[in-house]
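Given the structure of chain A, go ahead and fit chain B onto it with the hints provided.
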Amino acid sequence: MFEFQRLHWVASITGVLEVIKQNVFTLIIVFIVGSRNESPYFIWLIGAGLLSAFGLGILGWFRFKYQLLEDEIHIHKGIFVQKKLYIHKNRVQVTEISAGIIQRIFGLVSLTIQTAGGGSERAVLSALDAETARTIVEVLNPKNTKGSELNSEFSQEEQQINAVPNEGEHSHTNLTPPPNHQPHSNHNPEWTLSNKRLLYLALTSGEFGIIATILGTVLGQLSDFITDENIQWIVDRIPLIQQPGLFFVLFSIGAVILVSYVLSIITSFVRYYGFTIRKIGNELHISRGLLERIQTTVPYHRIQAISSTEGLLRQPFGLESISIISAGHQQGQQQRSLLAAPLILGHEREVFFQQFFGSWEIAQGISQQSRQELQDSSQDFLSRVNESIIPSQNFLESNDEHELQLYAKPPKRAFFRYLRRPNYLWIFPFLVGSYWLPWLLWVALLSIPATLYGWIAYKDTELGLSSEHLYIRYRVLARKHIWVPKVRLQSIGTSQHILQKRKKLYHVMFSVVSGSHELSVRVKDFSSDTMNSIMNWFHR
Amino acid sequence: MLEERIHPNAIPAWRLQFALSGLFLFSPAAFLYFLHTKEVIALEWVIGSAILAMVMYILIVAFLPQLRWSRWSYQVNDKGIQMRRGIIWVQHTEVPINRIQHVDTRQGPIYRSYGLSVIRFSNAATSHEIPALEEDLSQDLKNRITDMVRLVKEDV
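Line by line, the protein sequences are chains A and B. Residue numbers for the first sequence, in the numbering used here: 1 to 540. Residue numbers for the second sequence, in the numbering used here: 1 to 156.
Just so you know, the hints here were simulated from the structure itself, not pulled from any lab data. Hints are all accurate, no fakes.
Covered by chain B, according to a simulated footprint, are these stretches of chain A (three or more residues, beta-carbon under 8 Å):
id, stretch
1, 481 to 493
2, 528 to 539
DMTMM-like cross-link-like pairs, simulated, lysine to aspartate or glutamate; straight-line CA separation at most 25 Å:
id, chain 1, residue 1, chain 2, residue 2
3, A, K486, B, E94
4, A, K84, A, E138
5, B, K142, A, E518
6, A, K501, B, E94
7, A, K486, B, D78
8, A, K84, A, E96
9, A, K504, B, E3
10, A, K504, B, E94
C-beta: ideal position from N, C-alpha, C; glycine also.
The shape of chain A in the complex, shown without the other chains:
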């Protein structure tokens, strides 16, 4: 255990593949260029590239050594420059055990250790046997006293303890022990994504836009392929298209969208198949994936915030996805948040939070009823314009409604600002452009959806404070909710535009750590009284 060790030799294979994967764009470019001029150098070039990938992969495996100590792990790696990576368990944010296709062939796993901070190197042990990986995870997760409870990560038994929607809307959850001291319950709560949900998830994932863009670009590159003969060939076979030209363009756009939609369904399927989240002791264990089984471990005290997104396609069905924001991050990985529940019905969220985040306040968001009451009671206070007095009416009794202390919405005088804000997006290009292109006048019709969006955004923006947590609902195309513990707020800020000053309105910004960056949430056009109350809350 305390010796320097190499990884399993399979790591050299994954190393080779990794090198090839990193240079895949170079390879494609070389292929495109090479296929045009038929010189023999091209083949030599490809051969040399593959050979060096091989060499680098094997050398990389040879030079990679790790040593597990009592509470830290030392990694030596690097082919030409030796890098030494020492990770202490107190600095580990998230650990991830995954098994890709190659690892699965040999019955191995790959372990990724994520730490916080911008320049941190990612530590990936790409081929370990499952036993060792689990030992390392146990060592590196300090609060995990009951290591033996880590039941087999890759057991496929899918217990369907699905979150049963609670009938009572207001089940008062005053059972809120302070964080990190949760009583260890005998059963470990578990939530599984059912296959039906997975299908909905795949159908409504917004990823096809991204894939469509990529496909479109790739198709654009294949200009050699799109010749008159080929077009004619397609046109001959599809009776609907009699006119090449416009119809062909429409047809190919439709085809790109369809193909990318199917691709996005497949990727979501592969990514979230068998999604299970378990609470074990002081950790959350999330496992998912069809081809590559990924098991992520997040200690509770590493969770920076929780967010929930109701996508445009999902909101009409009352569906949303809940994710965890942590400071752990992987270099070069786009997706920074970690999904805790890829698809969940809005009313199940309450139960889900009770099971997994019992100590989080305002977990249910703000119910319609209390919203009404609070708004009525705070109406008179909002109309007062005395800035210096910090309002007391707005602070409710501490027992009331999941310990909600302050509820705020943008005031009525901000309504028109919300309505016209989305319109700025099109109006300036429009004013400039319509001088030359008169038909652009039709673009003015955009004001209808834009104003509607502004109206919805106004209705959706709200903020709630409890003694320890901050809750914000806002809209950036999709409706989002975010819960942040007060101790995780990195900074707080307000900003005021010269035009807002007349109406005494402020934007309020909250920033949290997310990966190596900050996640800054901004609520727009709040009254100065609310702003003062928020500042007051922050100082307490």
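Relative to the frame of chain A, chain B by itself:
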């Protein structure tokens, strides 16, 4: 306005900075002149853009440093650091002491000649700066904040 102001020497220092960095405003004019020598466009365009650049340059160098200075204020106490700045967008930021990860000060050649330095506080997410404090003051502040941070036991 918060209690503390940044050092008044910031005004000449910024003026010098803007005077140097503002020179790039003339680059469109230079490019247009180049096009003019190739006989692509008329001389009027060159003159017009040069005049426009000149006016902007004068405005920036003459008024912006003073305006920016008068709108900058900050305050440091045992709870946190507050900063207030901005001419059109007035921003007010507050960083609690116990979130600060490290503090550093920095000084460029212009700032050094005016005896100023920049102090920057980084928390886990981002960093915030107070520009143009007197050298000694920024060192003091740095020590004070580091001392305060040392007392905090919380972890990210």
